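Heads up: the protein sequence lines correspond to chains A and B, in order.
Just so you know, the working numbering puts 206 at position 5 of the first sequence, and the rest follows in order with no gaps.
Just so you know, the working numbering puts 165 at position 37 of the second sequence, and the rest follows in order with no gaps.
Derived by calculation from the structure, the hints in this document are not laboratory data.
Note that the coordinates shown come from a computational prediction; the quantities given were computed from them, not determined experimentally.
We treat Cβ as the ideally placed atom computed from N, Cα and C, and that holds for glycine.
Hints may be right or wrong, so weigh each one.
Under the rule of at most 20 angstroms between Cα atoms (straight-line distance), these lysine to any residue pairs were calculated in the SDA-like manner [to be verified]: (1) A:Lys-203 / B:Ala-160; (2) A:Lys-364 / A:Lys-522; (3) A:Lys-522 / A:Gln-357; (4) A:Lys-203 / A:Tyr-247; (5) A:Lys-203 / B:Leu-141; (6) A:Lys-364 / A:Lys-203; (7) A:Lys-203 / B:Gln-156; (8) A:Lys-203 / B:Asp-183.
Restraint-style ranges between C-beta atoms, simulated for each label pair [to be verified]: (9) B:Gln-156 / A:His-521: 39 to 45 angstroms; (10) A:Thr-537 / B:Glu-139: 25 to 31 angstroms; (11) A:Thr-544 / B:Thr-185: 24 to 30 angstroms; (12) B:Pro-163 / A:Ser-301: 42 to 48 angstroms; (13) A:Pro-416 / B:Gln-155: 27 to 33 angstroms; (14) A:Asp-226 / B:Val-153: 43 to 49 angstroms; (15) B:Gln-156 / A:Gly-489: 22 to 28 angstroms; (16) A:Lys-540 / B:Pro-163: 47 to 53 angstroms; (17) A:Glu-284 / B:Gln-188: 51 to 57 angstroms.
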Amino acid sequence: MKYVDEFRDGALARNLAHSLAAAVDPARTYSFMEFCGGHTHALARYGVVDLLPASVRMVHGPGCPVCVLPIGRIDLAIGLALERGVILCTYGDVMRVPASGGLSLLRARARGADIRMVYSPADALQLARTHPQRDVVFLAIGFETTTPPSALVLRQAAREGLKNFSVLCCHVLTPSAITHILESPEVAQYGTLALDGFVGPAHVSIVIGSAPYEPFASAWHKPVVISGFEPLDMMQSILMLVRQVNDGRAEVENQFTRAVNREGNRAAQAVMAEVFELRDSFEWRGLGEVAHSALKIRPAFAAFDAEQRYALQYRAVPDHKQCECGAILRGVRQPTDCKLFGTVCTPENPMGSCMVSSEGSCAAHYTYGRWRDIPVVAA
Amino acid sequence: MCLALPARVVELLDADTAIVDLAGVRQQVSIALVPEARVGDYVIVHVGHAIGMLDETEAQATLALFAELARGTA
């Protein structure tokens, strides 16, 4: 068992597609949101969308941490690197996100800023150990999957008493974003979005468990199926959602039982709770300010909090006027509805954040799906 | 961003660190978040940290279910 190849079998996928086609009620349509960018990418990359019945529409959600990181937070990081002379470390995905003044972390590096791509937050900590004369800041982004490793390095830095290491914390929370999608007043501005259920995140749920999704089933009557990231996992999860809708059920079901349970990873939850606490509010690119949707570093670790150490003041910056990322992240528009898509906004030169990460709706569609939009005509 | 890969634990270095085999590539990862991991177990690795364990029995059950669903018997 490799836990990968077995879940990508093409013949089984075709058979699952037949089961799905037989399961859908011909009298209705189905709209499901895959919250997570990993699922958006898998749907596009493996052509899962082409195997779904025409009456099943997948709506891409805001679960791409690079896509929802607002311009103002990247401006803070660029400011630290260009004006304060710190070594700024972050994940590779963040490097090309467009920021203010035509800059990005990559372009700031071309101007001489010391910005380094790391694979793990532990690499940033190691840089601080080996460069005691320099300040090292780790720009920490991501959902609950990525948060525990950040918590571990903060705790380790405190244990070692490192004087030159801090974290610019931009960690966000999955359940609050789903709540926001379901009840935000801005839905009126963007139009209504009728959703019949959610494909729940795979790796986020390893950490938080399946219990946090239960209110979406009980209070909002939306089925949730937590799904693995492989194509067969996704097809099975969509079939489970279709069956819940047909039966009039709204439950949290777990397709990814090989890695997810109801309680989640207790060790990871404990270290997160020790180091982080809830922010009152946090700006999401595309969603705006969302209450209780992100984490900040607890006062006990204030010496390692870049926002406090450098007295950073957050300033919100609006997106490009014609960029539709806001509506796309809410699932009310498609990438092809945007005037910038594939013309001025491409993965090589992204204008909006959905084109930056390979998990963004626009990048996934540009890379794997844009030719599908063009009808095939005989020569 | 939440990309994480299954890997097999091949050696425990200390309480918090292990060597894993990722499709033939050996890599050192932190197991501070999965203190129960033992040699031979499969873990899910994300940004240099094992964040969870994989359950082989459950994985086999899911594969068996795919086969049943695909036959239209489930």
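Right, here's what the structure says about each hint:
1. A:Lys-203 / B:Ala-160: Violated, at about 23 angstroms.
2. A:Lys-364 / A:Lys-522: violated (42 angstroms)
3. A:Lys-522 / A:Gln-357: violated (43 angstroms)
4. A:Lys-203 / A:Tyr-247: holds (19 angstroms)
5. A:Lys-203 / B:Leu-141: Status violated; Cα separation ~23 angstroms.
6. A:Lys-364 / A:Lys-203: violated (43 angstroms)
7. A:Lys-203 / B:Gln-156: Holds - the C-alpha atoms of Gln-156 (chain B) and Lys-203 (chain A) are around 19 angstroms apart, at most 20 angstroms.
8. A:Lys-203 / B:Asp-183: Holds, at about 12 angstroms.
9. B:Gln-156 / A:His-521: 39 to 45 angstroms: Because 42 angstroms falls inside the window, the suggested range holds.
10. A:Thr-537 / B:Glu-139: 25 to 31 angstroms: violated (49 angstroms)
11. A:Thr-544 / B:Thr-185: 24 to 30 angstroms: With a Cβ separation near 51 angstroms, Thr-544 (chain A) and Thr-185 (chain B) fall outside 24 to 30 angstroms, so the hint is violated.
12. B:Pro-163 / A:Ser-301: 42 to 48 angstroms: holds (43 angstroms)
13. A:Pro-416 / B:Gln-155: 27 to 33 angstroms: violated (38 angstroms)
14. A:Asp-226 / B:Val-153: 43 to 49 angstroms: holds (46 angstroms)
15. B:Gln-156 / A:Gly-489: 22 to 28 angstroms: violated (41 angstroms)
16. A:Lys-540 / B:Pro-163: 47 to 53 angstroms: Holds: the Cβ-Cβ distance is about 52 angstroms, inside 47 to 53 angstroms.
17. A:Glu-284 / B:Gln-188: 51 to 57 angstroms: Given about 56 angstroms between the Cβ atoms, the range holds.
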